[in-house]
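Colleague: Here is how the chains run, residue by residue.
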Amino acid sequence: MTFNYQQYLRNDNLPHIWCPGCSHGIVTKGILRAVDSLGWQKDDMCFVSGIGCASRLPGYIDANTLHTTHGRALAFATGVKMVKSNMHVVIVSGDGDSLAIGGNHFLHSCRRNIDMTLIIFNNNIYGMTGGQTSPTTPFGATTTTQPYGNIENSIDAVNLAMAAGATFVARTTAYHVTQMDKIFAQALAHKGFSVVDVMCDCWTAYGRRNSFKSQVDMLERYKDNTVRLEKWNKMSEEERAGKTPIGVFLDVQRPEYCEEQHKVIERAMSAPSEH
Amino acid sequence: MQAFDNSRGIGARKANFTPGLKLMSGNDAIAEGALYAGCRFYAGYPITPSSEVAETLAKRLPELGGYFLQMEDEIASMAAILGASLAGAKVMTATSGPGFSLKQENIGYGCIAEIPCVIVNVMRGGPSTGVPTKPSQGDVMQARWGTHGDHPIVVFTPDSIEELFWETVRAFNIAERYRTPVILLADEIIGHMRERLFLPKPATVNVQNRRRPRRDAGDYSAYQVPRSLVPVIPDYGEGYRFHVTGLAHDETGFPTNDPAVIEDQILRLHRKIDMGFNDIVKWEAYDLEDAEIVLVSYGSSARAARAAVTRLRASGKKVGLFRLKTMWPFPEQQIRKLAKQAKAIVVPEMNMGQIVLEVERLAGGACPVIAVNRVDTEMLSPKQIIKAVKEL
Ligand SMILES: Cc1ncc(C[n+]2csc(CCOP(=O)(O)OP(=O)(O)O)c2C)c(N)n1
Ligand code: SF4
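Chains as they are written, first to last, in this note's numbering: chain A, 641 to 915; chain B, 423 to 814.
Any given hint might turn out to be false.
[Said to hold, decoys possible] The calculated lysine-lysine pairs, modelled on DSSO-like cross-linking and capped at a C-alpha distance of 30 Å, are:
#: 1; chain 1: A; residue 1: K682; chain 2: A; residue 2: K883
#: 2; chain 1: A; residue 1: K903; chain 2: B; residue 2: K623
#: 3; chain 1: B; residue 1: K759; chain 2: B; residue 2: K704
#: 4; chain 1: B; residue 1: K740; chain 2: B; residue 2: K694
#: 5; chain 1: B; residue 1: K812; chain 2: B; residue 2: K704
#: 6; chain 1: B; residue 1: K805; chain 2: A; residue 2: K831
#: 7; chain 1: A; residue 1: K863; chain 2: A; residue 2: K903
#: 8; chain 1: B; residue 1: K805; chain 2: B; residue 2: K704
#: 9; chain 1: A; residue 1: K903; chain 2: B; residue 2: K481
If you're looking for bench data, these hints aren't it; they were derived computationally from the structure. The structure presented is a predicted model; accordingly, all values stated were derived computationally and were not measured.
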């Protein structure tokens, strides 16, 4: 039976604003399948985003949804989650939104280990504003603000998340949908702060400018450019050149922020009042 | 994980409030006022001279079942309180000049998305990092116009510890009733000074909560506008599923580019505060009945102005004080009227002249308007005001 996406969508708000060929749609569907596999109820879900093409996603989902300011989704989400800690909070964010303007909140959300999931729609570019350099634009790639080729080194969101203290860290691509579904479900179910870096494509602002022949061409490069983590770990330095590992990099448990805060409250409330 | 919903201040113990006469600092009075008003969520980033608000709440909030968060910066703090408010809690953040600047984008978000919250700014010397430990009143226009775009704002300027406490309670009540951010503009002097404060019994304090839609509401739409012009928005996770955005939106809460709808929204934001004017705006008239010279002042400068009035009266001068307890919206009609009655208006403030511009505009030449300013970070003295009045 085909999957019924409509049941999770605000069909009155469609069609979406995304360009034909944008992979944001593929990733959105992956999220909905993961949610469905976990049996989450719509009333118990909160989707939060910042600003950018990816950040329009919550508007299309029939749940509690919050479209905030550029880069600040994680901080808004933290407030929601603290007060309603029984809600499932999922943050969807572009690479610019989460790693440039929102970089500080990214680090500290990882460190705090609050039970939420951040899904990074990593298309290597600022899509919404028309193709400027993002922190994940590859060295040498052409953008509207690096017309001579990008001379900045890019951020690896996976390494950053692990270093900062996230307790679940994974990377997948818009091409590997079976893996994507599995990883999303794992990330959403994980207790603690989980980060999924999803390699995906912006044909309009990145692909055309960087001599890809078609959207399909862009997607298919992930077949050759990525390697499953298990295999990656056995590869030599030379074999790894030009390739990116995908899979689950980290899945551990550490004290979760809401639970720790509730313990503080219990301690403070049972202490004899000094007031 | 254990389900924990603390949006309505569940678990607050009476024993955690100790009514009676206290000696308290301004920053502590703000913290206590917030707790009485039902604040159960605070997020902030430390900055002098506001840090004691955070420190006191870090201790007090958990005792009442509430949450305290030290965020990574002021932008995050402002964002976190907005999220927490949408989830149903009464929320506050406190900061000072540099942090206040950082919060502005998200304060604007609170205005357009109509999210109740209280922002405390204990002003210090500026610009930039300026003079952290000394007072100023340099953020008056930033409080009004700090965000981008056209929206009204509510700003309170208390001048004593007792008033800080009560105006903090009122700030929450107004924020909840009009679904809007409310700014409490204090300064280093009243933040750090200590005065008597009579803490009331919690049950005697008028605490207002935002109106939420009833569970069985049929064709429910998040930003549907009732006659009060204040939409009734539910909390996240209560069985309504709604969308909130900082983009211009229609009644459903979803973005729109329709010029008429956008105009309607901006006008309504203004109108809902206009309609509440008499409820929101408060001032103190001190010796005004027969005053020929009117001082218009606020916050710690108004303390000096009151002392100046007393001394000038003793020497036979007919001077009075119009003290702004609410700065924005501005009591325009009242100032217009005073300008017609008075021989002159004198505006003492600890900046290069900010509110004086508003007074001048409203006086419209009906009487001279004189500024008395001080920016060396020392408190404006009654003497300086008296001198200005005598030179008229
Ligand atoms: C404070 C602020 N700065 C800049 C912008 C303009 N802006 C909107 S979206 C965006 C970048 C979006 O890129 P990304 O986060 O990678 O998402 P994508 O559009 O590629 O999905 C920028 C810079 C803004 N809205 N707010
Ligand atoms: S601009 Fe790029 S990221 Fe945005 S919708 Fe179009 S293809 Fe997708």
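Colleague: Taking the hints in turn, state whether each one holds.
Modeller: Going down the list of hints, with the structure as the test:
no., hint, result
1, A/K682 - A/K883, "violated, 38 Å"
2, A/K903 - B/K623, "holds, 28 Å"
3, B/K759 - B/K704, "holds, 16 Å"
4, B/K740 - B/K694, "violated, 38 Å"
5, B/K812 - B/K704, "holds, 29 Å"
6, B/K805 - A/K831, "violated, 63 Å"
7, A/K863 - A/K903, "violated, 47 Å"
8, B/K805 - B/K704, "holds, 27 Å"
9, A/K903 - B/K481, "holds, 14 Å"
When held up to the earlier numbered hints, the structure conflicts with 1, 4, 6, 7 and fits the remainder.
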